[in-house]
Amino acid sequence: MWIIDIFRKKKHKNTKSPKEEAAERLETMLTRRREIVKMIPVEEFEANSEEIKYAVIETISRKFNIPPEKVKVDYHEQNGYIVIVTNVNFK
Amino acid sequence: MNRPKVFVVTSGKGGVGKTTFTANLGCTLAKMGERVCLIDADIGLKNLDVVLGLENRIIYTSFDVVNGTVSAKEALVKHKQLKNLYLLAASQVATKEMMSPEDMKRIVQELYDDFDFILIDSPAGIERGFRNSVAPAEAAFIVTTPELPAISDADRVIGLLENYGFSEDKMYIVLNKFKPHMAKRGEMLDKSDVEKALAMRIIGVIPDSEEVIVATNKGIPVVLEDGVVIGRSFENIVKRIKGEEVPIEEDLKGVSKGFLSSLLSVFKKR
Numbered sequence: 042m043w044i045i046d047i048f049r050k051k052k053h054k055n056t057k058s059p060k061e062e063a064a065e066r067l068e069t070m071l072t073r074r075r076e077i078v079k080m081i082p083v084e085e086f087e088a089n090s091e092e093i094k095y096a097v098i099e100t101i102s103r104k105f106n107i108p109p110e111k112v113k114v115d116y117h118e119q120n121g122y123i124v125i126v127t128n129v130n131f132k
Numbered sequence: 185m186n187r188p189k190v191f192v193v194t195s196g197k198g199g200v201g202k203t204t205f206t207a208n209l210g211c212t213l214a215k216m217g218e219r220v221c222l223i224d225a226d227i228g229l230k231n232l233d234v235v236l237g238l239e240n241r242i243i244y245t246s247f248d249v250v251n252g253t254v255s256a257k258e259a260l261v262k263h264k265q266l267k268n269l270y271l272l273a274a275s276q277v278a279t280k281e282m283m284s285p286e287d288m289k290r291i292v293q294e295l296y297d298d299f300d301f302i303l304i305d306s307p308a309g310i311e312r313g314f315r316n317s318v319a320p321a322e323a324a325f326i327v328t329t330p331e332l333p334a335i336s337d338a339d340r341v342i343g344l345l346e347n348y349g350f351s352e353d354k355m356y357i358v359l360n361k362f363k364p365h366m367a368k369r370g371e372m373l374d375k376s377d378v379e380k381a382l383a384m385r386i387i388g389v390i391p392d393s394e395e396v397i398v399a400t401n402k403g404i405p406v407v408l409e410d411g412v413v414i415g416r417s418f419e420n421i422v423k424r425i426k427g428e429e430v431p432i433e434e435d436l437k438g439v440s441k442g443f444l445s446s447l448l449s450v451f452k453k454r
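Here the protein sequences come in this chain order: A and B. Residues are numbered in the working numbering as their position in the first sequence, beginning at 1, plus a constant of 41. Residues are numbered in the working numbering as their position in the second sequence, beginning at 1, plus a constant of 184.
Do not rely on the hints blindly, as some may be mistaken.
[As the list claims (entries may be wrong)] With the Cβ distance kept under 8 Å, some of the chain A side facing chain B (calculated, not the full set):
| no. | residue |
| --- | --- |
| 1 | P59 |
| 2 | K60 |
| 3 | A64 |
| 4 | R66 |
| 5 | L67 |
| 6 | M70 |
[What the hints assert, rightly or not] In the DSSO-like style, the derived pairs of lysine-lysine whose C-alpha atoms are separated by at most 27 Å in a straight line are:
| no. | chain 1 | residue 1 | chain 2 | residue 2 |
| --- | --- | --- | --- | --- |
| 7 | B | K380 | A | K57 |
| 8 | A | K104 | B | K380 |
| 9 | B | K197 | B | K361 |
| 10 | B | K264 | B | K189 |
| 11 | A | K57 | B | K363 |
| 12 | B | K437 | A | K60 |
| 13 | A | K60 | B | K363 |
| 14 | B | K402 | B | K215 |
| 15 | A | K60 | B | K361 |
Since the hints were made in silico from the structure, they are not lab data. For clarity, every value in this text was computed on a predicted model and none was experimentally measured. Glycine residues also receive a C-beta, built at the ideal position from the N, C-alpha and C atoms.
Model the full assembly from the supplied sequences, consistent with the hints where possible.
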């Protein structure tokens, strides 16, 4: 029987070419990336920091259809701008 | 509209060929009669002088200019063969944090009127060295290879450059180390895949070439060697940035060898 199994496995071989697979992965990697890059001036962030953080959590939670507590928002200052870093736990 | 004069050569990812591209583009421009200045912004890990074969002629670096020891013009090193090509070398002992974007702007300002083209070789990454290199630039070459990590980093760099105020017509994508035979067999992404992913036009395709390794080890940029196919890609890039319409297919002419020419080249080598 194991001899038959060997032939069966061959039938399930991936038929995508390396180029097609790379193009697919690239699309997944790059989709929506650039629209996420936004810079908020420090003054604006200081005045509304909690509301902005909550808005980010709400947007991501809606976009990925996950509960808000699965989204973590952190931030740091860079060149006078606040860079917002978001971590999403999909599990 | 005036064409840009100060270009940064960047990529995000390391090892894609920024320094080799900078050296060869600089040599091509100089061969065409332009006055060219190359600035190595990879402080601490400088290599542009090595690729140009000028490592033994460096007396002053950009760090000496920042310290006020010499002027930017005094720190320049002239190329051995091309008398209108100059290099401002980077220090090996300093760090990128010892220079600021303002320092770089001042250096470029001092050299601006004496040159037709100023090319800044940026270090890999998106930290201080990248910001220093981008600060004085009017346009950017984004070098990538047809591999996912390089394209992904190029996309990130494009996003950052947009934030720095670079418009799409001031960002030029260069597809380096391209292997036409692999793309033909469907084993590698081709030009159109990269253009689609980055949503930007490619300014030039540079085929992968063993001649680059040989030339770099000799300290002679490959475009200065006789009968090198790759030189055409650089000439075409120069024509395109000057506004000339040259089909991108021209870059790969004579690269794909047929069976007969491959066989002949084996005998030639002997």
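Hint check results:
no. : hint             : in the structure
1   : P59              : holds, 5 Å
2   : K60              : holds, 4 Å
3   : A64              : holds, 5 Å
4   : R66              : holds, 6 Å
5   : L67              : holds, 5 Å
6   : M70              : holds, 5 Å
7   : K380/B to K57/A  : holds, 19 Å
8   : K104/A to K380/B : holds, 24 Å
9   : K197/B to K361/B : holds, 14 Å
10  : K264/B to K189/B : holds, 23 Å
11  : K57/A to K363/B  : holds, 20 Å
12  : K437/B to K60/A  : holds, 22 Å
13  : K60/A to K363/B  : holds, 13 Å
14  : K402/B to K215/B : holds, 19 Å
15  : K60/A to K361/B  : holds, 16 Å
The structure is consistent with each of the numbered hints, conforming to all of them.
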